[in-house]
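Enquirer: Just so you know, the protein sequences line up as chains W and V, in that order. So the first sequence is residues 1195 to 1531, counted in my numbering. So the second sequence is residues 491 to 873, counted in my numbering.
Just so you know, the hints here were simulated from the structure itself, not pulled from any lab data. Think of the CB as a built atom: it goes at the ideal place given N, C-alpha and C, for glycine as much as any other residue. Errors might be hidden in some of the hints.
Residues from chain V that face chain W, not an exhaustive set, calculated with beta carbons under 10 Å [unchecked claim]: (1) 642; (2) 645; (3) 696; (4) 700; (5) 832; (6) 835; (7) 845.
Reference listing, derived: stretches of chain V covered by chain W, where coverage requires no fewer than 3 residues with Cβ under 8 Å from a Cβ of chain W [to be verified]: (8) 523 to 535; (9) 585 to 598; (10) 853 to 861.
If you only want the chain V side, here are some residues facing chain W, beta carbon under 7 Å, derived [as the list claims (entries may be wrong)]: (11) 568; (12) 666; (13) 669; (14) 836; (15) 837; (16) 838; (17) 849.
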Amino acid sequence: MYALCNKHCTGKCVRPSYSLSQSLPMSHFILQRTFIMVLTMLVLSFVVFYLGNLEPNLRKLALEQNNNRMSQADVDSWLEKNGYRRSFIVRYGEWTAGVLSGDFGYSTRFRMPVNEALPKRLGYTGILAFWVLMTMVPSALLIGILSGMREGSALDRFLSLFSVTTTATPEYVSGILFTVIFASLLGWFKGVANVKDITFENFTLPVMTMSIYGMGYIARMTRASMSEVMTSQYIRTAHLKGLPFKTVVLKHALRNALIAPFTVILLQFPWLLTGVVIVEKLFNYKGFGWTLVEAAENNDVDMLLACSLVSVLVVIGTQLISDVGYAYLNPRIRVES
Amino acid sequence: MDTVSIWELWGGVAVRFWPVWLAMLITYLLMRMYRKRLGVFGHLLDSAVGITGLMIVLFWLFTALFADIVSTFEPLEQFFRYRKKPPGIVEAESMIPMYFGSDNLGRDLFSRMVHGSRFVLMIAPAATLVAFVVGITLGLPAGYKGGRVDAILSFIANLILSFPVIVLFYLLVTPGIRETALPNVMAGVFFMFPIIFSLTVLRSRFSERPGLLFPWSVIILILGGWLYSGVVFNSDPLGLISMDPNELNIFAAVVFASSPGVFRIVRGLTMDIKTRDYVAAAQTRGETPWYIMLWEILPNARGPLIVDACLRIGYTTILLGTLGFFGLGLAPESPDWGSMINQTRGLIRLVPTIVLPQTIALASFVLGLNLLADGLREESLKD
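All chains should be modelled from the sequences, with the hints used to inform the complete structure.
Expert: Rendered as structure tokens:
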């Protein structure tokens, strides 16, 4: 969700979300951010807890856990028996205390503790995310550098059009189109992925779908950064010195042009998170995103809360890393210590 | 069962769209005639990217307007003999071909795709507009005044932005939630903003001229109150304005999800613009803060905001599609692109073409908006 703004920011969106120019020591800055993260988690978990425990949702949970033809009296007694009728604040307090001691509660959908169900799923998504990053980042940077190198050239026009098209095609469209083309018509890959048995055949389409969607944006940011660098004075000097174009690009331009995309790539993580949910649902890959959808559809509050906490951790954590990393990479921003 | 050839198929489709082509041509000619007066939109005509984007967007806009003329069948009409048919099959009774084939219930995909544009073009721009009003009303003071107002509003915005959008929709757009008052409360809060915003605009402009301020305020209050009662409470006294509870629910959730983004952009732009000389001049003249924000800062931030609005309408379209994809919020038979994608995606193995119309429609509309935004950005940077 954070990436919503990141993704569709206008103009040069390459600056970090928080300016480090306020003269704070780095440790102080990280502490402040961590505090905000904890506060965010508290507020969000409260909201999720509240919404998940609204009467219609509790009724849905009771019906799902037992059988759908249960009478209202049975629903009430089931809820009473399982402690759902106790005061809301008390139960939220219990949940918070549990989380602080490392116990994330019981998943009603998977019928096992969250601590058992979730880490495995996170691992599966980790594999998916790893391959997405491995394919997405290098190709996006390459596209961005090639098109930003000579702004306005035919190559630039073509690659820019490609980037816009990929950003405009959401996963549930591109994933389906790829399935039609590569699975149904050509028969190269499989349209369903399997966490237990990852092969080139069944893993290519999910990875391809996600990395192509994310690629366009990073490529566009790299292009903007690259073309800005290419018009700067020191590049002109390098040209005038008589250096070959290749040397100018590789030795002089590249280093500075890659600072901005660094931030963008990190801020892409939250975006990956939403993508993961859609792609895992689309290809039936039973990882974190699939778990999240299952938990939400079955009103599995404890699991949903754990998933939300993981998401917040990813979003704010990557923001923090990107801000700190940007400060170290960019000599113009120095944190006073 | 007869099928038409590929030439007849595409020829037929092209002919069906005749009102759309005509309207696009007229718009293009009008734009050429008045290009001087259109500002940055006039400059669009010089940019190949921009004009392509604009034409795609106009295509879908006019398709939504003329959906009843363009479509061949009713979007909900089911032909049981023609289930999951490939493109070009001729419906024997009316002798009209189902240009893009039919879905699992024998509904004509072409007509559903055409009608699906209505849902998107009704919700996406309106929700974006409301999100912009909310974002502007809160982002201007946050950026201009800073301090505690800014800290609190920014915290709330970041809070919403760090929430995975899917969880948000699963929590906010469910039948369970619709039984509670929450969607109405949310819509009630969001739709207050346009009224408050217009009143503030008036007050800051006409504070010295009560003769103008008073009648205009009354007009706004009556008009706004009328729309408000119709949209939020579904109790328009004239019975003209009404909103389906499902759509209101989706609308509120979409506004909720996208206004923090607008807020951040407006806040950033305000912080940038408030250091300019003309703001200092206005402050020296003794203008009120709201006058400066609304009449000095906001007009000067319009370029990036227009570009962002185009992108955001596209993003909202993607969000609406996501909702349909997860089967959230809409009636199952509703002919919107997202739900259509969700219903047909399981049948790819049987009829690969069955998913194409709705997916390509959605992607092309978003692509059009992105190209339009690119064109506008390019042209506004030239000035």
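Enquirer: If any of the earlier hints don't hold here, list their numbers in rising order.
Expert: 1, 3, 4, 8, 9, 11, 14 and 15
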